[in-house]
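Protein chains in written order, with our numbering: chain E, 1 to 338; chain Y, 1 to 287.
Hints are computed from structural coordinates only; laboratory data are not their basis. Beta carbons are placed, not taken as given, at the ideal position from N, Cα and C, and that holds for glycine. Heads up, a few of these hints could be off.
Unchecked claim - Residues from chain E that face chain Y, not an exhaustive set, calculated with beta carbons under 7 Å:
{"#": "1", "residue": "Q5"}
{"#": "2", "residue": "V71"}
{"#": "3", "residue": "A133"}
{"#": "4", "residue": "I145"}
{"#": "5", "residue": "G149"}
{"#": "6", "residue": "G153"}
{"#": "7", "residue": "L156"}
{"#": "8", "residue": "G308"}
{"#": "9", "residue": "A309"}
{"#": "10", "residue": "P319"}
This is what each chain is made of:
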Amino acid sequence: MEAVQILRQRARGRLLTNIVVAAVIAILLALGIGSLYSESLGYYRETITTFMVLFSIVLGLNVILGYTGYVSFGHAVFYGIGGYTAMVLMYYHGVNIYLSMLAAVLAAMGAAYLIGLIVLRLRGAYFAIATIAVLEAFRVVAANINYLGGSEGLQLPATYYRGYSIAGYHGLMAVHYIAYFLLVGVVALGLLINLYVSRSKFGAGLRAIREDEDAAEAIGVDTWRYKTLAYVLSSITPALAGAIIAWKRMIVLPGEFFNLGLSIEAIISVMLGGAGTVLGTITGTSIYHAVKTAFLTSFPSLHLVIFGATIAGIAELLPMGIIGWLRLKSTRLRFLLE
Amino acid sequence: MVSGSLLFGGFVAGLVVGSLYGLAALGLSIIWGILRVVNLSHGALIAMSMYLAYLLTVMHGVPLLASILLTLFIGFVVGIVAYYLFVHRVLGGPELASLLSTFGFGLIILGLLELKFGGIARTLPVESSVIEVGHVPIMTVQIVGAVIAAAIAIGAYLLIYRTWFGRAVRAVVMNQEAAALMGVNVTKILMLTFALGVLFATTAGTLLALAYSFTPETGSRYELYSFTIVVLGGLGNPIGSLVGGVILGVAEQLTSIVASGSWGPLVAFLLLIVMLVVKPTGLFAKL
Chain E
1 MEAVQILRQR
11 ARGRLLTNIV
21 VAAVIAILLA
31 LGIGSLYSES
41 LGYYRETITT
51 FMVLFSIVLG
61 LNVILGYTGY
71 VSFGHAVFYG
81 IGGYTAMVLM
91 YYHGVNIYLS
101 MLAAVLAAMG
111 AAYLIGLIVL
121 RLRGAYFAIA
131 TIAVLEAFRV
141 VAANINYLGG
151 SEGLQLPATY
161 YRGYSIAGYH
171 GLMAVHYIAY
181 FLLVGVVALG
191 LLINLYVSRS
201 KFGAGLRAIR
211 EDEDAAEAIG
221 VDTWRYKTLA
231 YVLSSITPAL
241 AGAIIAWKRM
251 IVLPGEFFNL
261 GLSIEAIISV
271 MLGGAGTVLG
281 TITGTSIYHA
291 VKTAFLTSFP
301 SLHLVIFGAT
311 IAGIAELLPM
321 GIIGWLRLKS
331 TRLRFLLE
Chain Y
1 MVSGSLLFGG
11 FVAGLVVGSL
21 YGLAALGLSI
31 IWGILRVVNL
41 SHGALIAMSM
51 YLAYLLTVMH
61 GVPLLASILL
71 TLFIGFVVGI
81 VAYYLFVHRV
91 LGGPELASLL
101 STFGFGLIIL
111 GLLELKFGGI
121 ARTLPVESSV
131 IEVGHVPIMT
141 VQIVGAVIAA
151 AIAIGAYLLI
161 YRTWFGRAVR
171 AVVMNQEAAA
181 LMGVNVTKIL
191 MLTFALGVLF
201 ATTAGTLLAL
211 AYSFTPETGS
221 RYELYSFTIV
231 VLGGLGNPIG
241 SLVGGVILGV
251 AEQLTSIVAS
261 GSWGPLVAFL
271 LLIVMLVVKP
281 TGLFAKL
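For reference, chain Y alone in the conformation it holds in the complex:
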């Protein structure tokens, strides 16, 4: 059987990796919970941010930190533009319309990525030391990323529940008409929320790119994971996202220790199905 220390190592690795997954899911959660739109371009956006960072750092020699910040900025702007092009029109209507509209947007991104970068795996030039917990290797960039992810998740929670902007967002979720009557610029709030969701996805993408190699398809793996995490943690719930991410991360890492890593998506799928059947609103439904 598998040794206890190996399992412990897997558990810790799961905590670290899971936090990153949680951050990745946060964007999807926000957009889904607040705009009631399932953003099927989520995976493509994560991939986009990875390649943007690559483009700036490797192909244009911009220092790493500046690249990351620039990528985040571009991500936010893309979110704003995408809102007007793909989201605004489909907001009130049938669900299929928003599913397909965001999906189309995702395809456009993937098409452009394929065109410009092709299918070979890329990495960012990052030197990272590795520590071993219970014989399981964990990179320091992963730990840094996990800490940042947790900080952002907490920050998002504070944003939604402790600021004026957050109050306006919650008002729009509760009752759009009433919020408008109270002086809230509903369109602006929705647009900023969508852009924020895209920004979170972008951040997650850059942090993940520091640790792992990527291809345009990498995005879709994170997308399935994100769906599972959002269902686990509850729509629009930043802390739920973080916790859900950790749950999935631990499950994935333990699976790869006991069986093999490529069964990861199956684990996500099973978790997703179980949650959908047992408690679709998530473990900590709030918003």
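This is chain E alone, in the form it adopts within the complex:
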């Protein structure tokens, strides 16, 4: 293709992605507003909430895994840090959710920086295992320290929720709706971060690191700075989601918030859609969530087995994901699908 054609195709691609992203956010908002006034949409509100939680983690993971190529198996640790930070503030000091979310994200970003100081020195499988070890360490600490609730966790009393209200709902009932809209905001933030990474020089540097880190360093990419920034960015949306869910569910438990399974689901979603693409995160998470919900209801006991077979299948047959596969089909699609 000629240079002009490539540029044109890429511009079209970005327009397409912008439209898709805007549409996704609009649909999520519409569903939320609809559920405020219609009883029957209540079920959808819950399942979409779960979807958005996974999506938040996926959007964070995509930055460090998809664009930078660092396989963070323990990414749920930021979800956990967000949840616990928020819960500690709410439980011991009655802080409201909004400030708690702010604290949660700051804590996670700080943690990402510090953890990164150690683990970002490692590569490939060693990095992956180190992140698992970090996740496990946090879980053990949370389960063994009484201030954090130990293995029973921390639970908020219903009285805490008295101040909240939205569109005629009050207290605990309002919480589910407010949480939904907060999550839409988090998802929007995550999509914006991914779009930024995809289109900036910073993102190009990350991709260079993914393809060949030593070569990237050789041509002048400050790999250490870029990796650290990517890791910190990747902690934002998972932490926010963690804080919101801690608030909504009224409880934090070490096993649920520092949960390897959550990390794995995020990795599958990223891989299924196509690592390092924005459209891929949307595609992968949607398909994975839809299939998982369907399987859980139809095959409740077999779901781990099917889960495992699916992961192995994707890894062996379609490692580049759906969007990734489409991009390989023609040069046109390569620049069109972001």
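With the hints as your guide, set chain Y onto chain E.
Chain Y only, in chain E's frame:
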């Protein structure tokens, strides 16, 4: 403060338990060092072997020794089949593929275990006497297991460095193409090595099951320990695995004497992180 004899007892307990941990890690070490694949199904395989032994002994009344031998045999066969289903295709490619492929395999095993046996803790019907070293109780089955583990580790070392098969394996590690040109059936060697790794994990599982109760999650605890031990001892190094296991075992036992047992995984984590940062190739890198 804690008495000296208690610490000594903890140390000895650590030696015993650590040898078992070392055997558990041996399978992971072999597969990682030789196939360059991080076998994330390692923990699930250990759990599988425990339940197989249980299935045969308790649910079908097979005598204990025969159950163990049968479990080992089945483990080896599972390793061969798993190689073709989950490992062969992802060998040359990106690391993430082999991580996820083996992880998926592990999930399938865990799913089947949950399905068939549920989550309650099981034990094997083993009567064991207990001896006390410095007021720390140690079961004789643990000591027997530790001796067997050490023997197997030494046997693995001899296998890799003193036999024709071992030479072929080392050749494949050094240079797959050259080994093929020299007449080595690379696929067969890789497959047998993987099956051997699974066999070691199976053996460790059965020995551990003699001493401790287990649930499907027990496997993942041993998996983190195994990672730590492999990094401590060096990839593909059987003696390193044994020594690394002992180091971890002693650290764990002393921790449970000084603090509390549930901090064990944290100890493993700290050791792992320290090793990864200071000397990721392990204390005795060889292969």
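Tested hints:
1. Q5: violated, 30 Å
2. V71: holds, 5 Å
3. A133: holds, 5 Å
4. I145: violated, 11 Å
5. G149: violated, 15 Å
6. G153: violated, 15 Å
7. L156: violated, 26 Å
8. G308: holds, 3 Å
9. A309: holds, 6 Å
10. P319: holds, 5 Å
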